[in-house]
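> Under numbering that gives the first Met the number 0, the sequence shown has 195 at position 196, and the numbering climbs by one with no breaks.
No lab work stands behind these hints: they were computed from the structure.
Incorrect hints may have been included.
Quick list of in silico lysine-lysine cross-link-like pairs, DSBU-like style, CA-CA up to 35 Å [what the hints assert, rightly or not]:
#1 Lys148 x Lys438
#2 Lys438 x Lys448
#3 Lys438 x Lys391
#4 Lys383 x Lys448
#5 Lys276 x Lys383
#6 Lys391 x Lys276
#7 Lys276 x Lys148
#8 Lys448 x Lys276
#9 Lys163 x Lys148
The calculated label-pair distances, taken between Cβ atoms and stated as ranges, are [stated by the list, open to error]:
#10 Pro443 x Lys163: 27 to 33 Å
#11 Pro328 x Ala421: 27 to 33 Å
#12 Asp129 x Val389: 27 to 33 Å
#13 Gln107 x Gln201: 21 to 27 Å
#14 Asp221 x Gln90: 34 to 40 Å
#15 Lys163 x Leu363: 22 to 28 Å
#16 Ala85 x Arg223: 42 to 48 Å
#17 Asp221 x Asp425: 22 to 28 Å
#18 Ala167 x Pro244: 46 to 52 Å
#19 Arg177 x Met343: 49 to 55 Å
#20 Ser152 x Gln411: 23 to 29 Å
#21 Asp393 x Arg219: 33 to 39 Å
Bear in mind the structure is a predicted one, so any value in this text is a computation, not a measurement.
Just so it is clear, CB atoms sit at the ideal spot from N, CA and C, and this is done for glycine as well.
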Amino acid sequence: MPNPIPPYAGICSSGEARRSGFGVEEAASRLRRLAWVKQQLAFLAVAHLNSTPEWEVKQALSLHAWLDAEHASLLRQRIPELRTAASALNQAPDGFLERAMAEAMRSQGTAEVLQAIYSVVRPELLASVDRYLAESNPLADHPSCRALKIIRSEEAEMLEWGGKAIGAVRANADEGQRWAEHLRAYVAAAGGLDGTQARPEQELPQPRAAQPLQLDLTPRRDSRFHGVFDQSIPADVVYADESRPIEERNLALLFKRLREMDVPEAIAGILAQMPGKPWGFYHDMLRQMWDEARHSLLGQVALEARGEDWTALPVNATFSYKLARFCTPLERHILLFAIEQSLMPAQRGKPWEYSIARESGDELSTTFHDFDWADEVLHAAIGKRHLAEVFKGDINQAFQQADALARRIAAQLEVEPMPDDAPAADWWERFAEHALRRKVAPAPQSSLKDWSPVGSKP
Numbered sequence: 000m001p002n003p004i005p006p007y008a009g010i011c012s013s014g015e016a017r018r019s020g021f022g023v024e025e026a027a028s029r030l031r032r033l034a035w036v037k038q039q040l041a042f043l044a045v046a047h048l049n050s051t052p053e054w055e056v057k058q059a060l061s062l063h064a065w066l067d068a069e070h071a072s073l074l075r076q077r078i079p080e081l082r083t084a085a086s087a088l089n090q091a092p093d094g095f096l097e098r099a100m101a102e103a104m105r106s107q108g109t110a111e112v113l114q115a116i117y118s119v120v121r122p123e124l125l126a127s128v129d130r131y132l133a134e135s136n137p138l139a140d141h142p143s144c145r146a147l148k149i150i151r152s153e154e155a156e157m158l159e160w161g162g163k164a165i166g167a168v169r170a171n172a173d174e175g176q177r178w179a180e181h182l183r184a185y186v187a188a189a190g191g192l193d194g195t196q197a198r199p200e201q202e203l204p205q206p207r208a209a210q211p212l213q214l215d216l217t218p219r220r221d222s223r224f225h226g227v228f229d230q231s232i233p234a235d236v237v238y239a240d241e242s243r244p245i246e247e248r249n250l251a252l253l254f255k256r257l258r259e260m261d262v263p264e265a266i267a268g269i270l271a272q273m274p275g276k277p278w279g280f281y282h283d284m285l286r287q288m289w290d291e292a293r294h295s296l297l298g299q300v301a302l303e304a305r306g307e308d309w310t311a312l313p314v315n316a317t318f319s320y321k322l323a324r325f326c327t328p329l330e331r332h333i334l335l336f337a338i339e340q341s342l343m344p345a346q347r348g349k350p351w352e353y354s355i356a357r358e359s360g361d362e363l364s365t366t367f368h369d370f371d372w373a374d375e376v377l378h379a380a381i382g383k384r385h386l387a388e389v390f391k392g393d394i395n396q397a398f399q400q401a402d403a404l405a406r407r408i409a410a411q412l413e414v415e416p417m418p419d420d421a422p423a424a425d426w427w428e429r430f431a432e433h434a435l436r437r438k439v440a441p442a443p444q445s446s447l448k449d450w451s452p453v454g455s456k457p
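Just need the whole structure built from these sequences, with the hints factored in.
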């Protein structure tokens, strides 16, 4: 009588376990290519995040860049176990593959970016993963197969979103389709992303990558938004004013969360212009980029739950605009680091924000700010880890440099002011009264000129 207990630890069937598969060299070659493509996908998202105006696309680019970083790290952990030098992981594994991703990086506009990522690269990547899982021996190469199964699940979710997004972006659809065909020719010339496919002998289209990559880090918003360069900061004043009703202070916190979309934009600007760093730096910062975008989503969800049209609010991009225009990548990181450190004290930092949300009785806001606090503790640690050499552990030096940078930026704005895009002066009062269903006191006059990086997020 056969034993009813499933064999092979439940990993696979008898037939799959007896599959000859392929050897270590082939496994390492395929995985190295996929890991490199995953890294390039993350960098592609970073390069286009700021200039992409659609709010929902910014959200997805932030999430998918972090997932790609997670997947790349999974594969980078596995590849050295397959008798491959870790140093090889930072080099393009194939010249034609490098050309294909260089072309994708030069996508122009939302339609082309979506087509490049979700019509060309991700479908090809998923096909490569499926080929690997179908051909490899699932027992002999189990660590690789496990990693790829994790990747496959999340890749399918990303593709589902991407397909719907492409369908929603009707403008320039024809140009997007032509761009997809252009990129497919380059991917085919590389033998597919995994290098296993026949390489057609045909002349490739004229490459855009023949010209240097021109990064556009100016933050943009779609047509729903106004007040993108609003320099008033009433929410920052209101939430900190203990004389105002706790419900209004909580509402101010929710707006501050919504406004955080310009923090991932600032991080994208750091990453896009800091090549050659260790992979761990990009992995950590991409996590922080997604966290900050997620915090913006928390604000969006909380306001939607109240029935508020959050797109009618001046969700400004002044922070990312200033940093892109006036700061080097390292200076941007120093400012971000100082802000994160300033959020740690219990008296005026994230613990205090959490207590405001809790005391207001808003259960959703309480949950959101509880996790926001946890995220910011992680971000402070990330900053310490990657700027340790700059400050030698002296956080006060970071604060001093950040404060000097803020003063320099303020002086530069006097000479080169932001675009004029101010909302109505009483926008906070009108918003708060609608959301709270009662009158509120006028918010004190406020300006970004008074902002300090050692106080709170702008």
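> Are the hints correct? Go through all of them and say.
These are the hints, each one checked on the structure:
no. : hint                        : result
1   : Lys148 x Lys438             : violated (55 Å)
2   : Lys438 x Lys448             : holds (28 Å)
3   : Lys438 x Lys391             : violated (50 Å)
4   : Lys383 x Lys448             : holds (27 Å)
5   : Lys276 x Lys383             : holds (16 Å)
6   : Lys391 x Lys276             : holds (18 Å)
7   : Lys276 x Lys148             : holds (29 Å)
8   : Lys448 x Lys276             : holds (33 Å)
9   : Lys163 x Lys148             : holds (23 Å)
10  : Pro443 x Lys163: 27 to 33 Å : violated (44 Å)
11  : Pro328 x Ala421: 27 to 33 Å : holds (29 Å)
12  : Asp129 x Val389: 27 to 33 Å : violated (44 Å)
13  : Gln107 x Gln201: 21 to 27 Å : holds (24 Å)
14  : Asp221 x Gln90: 34 to 40 Å  : holds (38 Å)
15  : Lys163 x Leu363: 22 to 28 Å : holds (26 Å)
16  : Ala85 x Arg223: 42 to 48 Å  : holds (46 Å)
17  : Asp221 x Asp425: 22 to 28 Å : holds (25 Å)
18  : Ala167 x Pro244: 46 to 52 Å : violated (40 Å)
19  : Arg177 x Met343: 49 to 55 Å : holds (50 Å)
20  : Ser152 x Gln411: 23 to 29 Å : violated (47 Å)
21  : Asp393 x Arg219: 33 to 39 Å : holds (37 Å)
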